[in-house]
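Asks: Could you put together the complete structure from these sequences and hints?
Chains A and B supply the protein sequences, listed in that same order. If you count by my numbering, then the first sequence holds residues 152 to 263, one letter each, in order. If you count by my numbering, then the second sequence holds residues 611 to 723, one letter each, in order.
A few of these clues could be false.
Each computed DSSO-like pair below joins lysine-lysine, with the alpha-carbon atoms no more than 27 Å apart [as the list claims (entries may be wrong)]:
no., chain 1, residue 1, chain 2, residue 2
1, A, K250, B, K667
2, A, K154, A, K250
3, A, K203, A, K154
4, A, K250, A, K205
5, A, K250, B, K619
6, A, K203, A, K250
7, A, K220, A, K250
8, A, K154, A, K205
9, B, K667, A, K154
None of these hints come from the bench; they were simulated from the model. From a predicted model like this one, the values you see are computed outputs, not experimental measurements.
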Amino acid sequence: LAKTTQPISMDSYEGQEVNITCSHNNIATNDYITWYQQFPSQGPRFIIQGYKTKVTNEVASLFIPADRKSSTLSLPRVSLSDTAVYYCLVGEGSGTASKLTFGTGTRLQVTL
Amino acid sequence: DSGVTQTPKHLITATGQRVTLRCSPRSGDLSVYWYQQSLDQGLQFLIQYYNGEERAKGNILERFSAQQFPDLHSELNLSSLELGDSALYFCASSVGGPNYGYTFGSGTRLTVV
Numbered sequence: 152l153a154k155t156t157q158p159i160s161m162d163s164y165e166g167q168e169v170n171i172t173c174s175h176n177n178i179a180t181n182d183y184i185t186w187y188q189q190f191p192s193q194g195p196r197f198i199i200q201g202y203k204t205k206v207t208n209e210v211a212s213l214f215i216p217a218d219r220k221s222s223t224l225s226l227p228r229v230s231l232s233d234t235a236v237y238y239c240l241v242g243e244g245s246g247t248a249s250k251l252t253f254g255t256g257t258r259l260q261v262t263l
Numbered sequence: 611d612s613g614v615t616q617t618p619k620h621l622i623t624a625t626g627q628r629v630t631l632r633c634s635p636r637s638g639d640l641s642v643y644w645y646q647q648s649l650d651q652g653l654q655f656l657i658q659y660y661n662g663e664e665r666a667k668g669n670i671l672e673r674f675s676a677q678q679f680p681d682l683h684s685e686l687n688l689s690s691l692e693l694g695d696s697a698l699y700f701c702a703s704s705v706g707g708p709n710y711g712y713t714f715g716s717g718t719r720l721t722v723v
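Replies: Structure, rendered in structure tokens:
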């Protein structure tokens, strides 16, 4: 099973770019990397998913180097509402079986 | 609205009792996952069902059981409740498989008194 390691917490000021890096040294060939965001007392929300190189959507970018042993979630110009816990996960399972393991995540605090 | 519906939103019950949590997956999703989130343990994977069959199991207690019905909704049954079972219980759904994003519901907050 691939495991992930990410910083426990990060602080940022509003308007800055935030980069959260995740290590997944044992990622398998077929595994995708997925990031989720969670606000207190709410279910996690899918942010972005990628396999290699770079993926961008309307809220974030995901950078994955060639060796795929790490990934970086980039949040451009964060606002106070981006204060949340961010989880990095890699696929666990095969076929139709899946059991994503959420670690402790990175608690991002955005202030003025 | 994520498309995943969980009921009830809140539940208060006494120790030793049994409760049932219900989840309706997003339209088109065949997989349902159950997670428990307590203050001291983070999000813990309990169990996955795909099209009515159990596919993956986490550290689910023997007092807990789940099933997925032909219409794809799922129920999580918690019995002989203990104070430590107080937590948020989330249901998620997906197309199926480890490389598809999950869509989570808003959760059921269970309080055991």
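Asks: Check each numbered hint against the structure and report the violated ones by number, ascending.
Replies: Going through the list in order, the structure violates no hint and respects every one.
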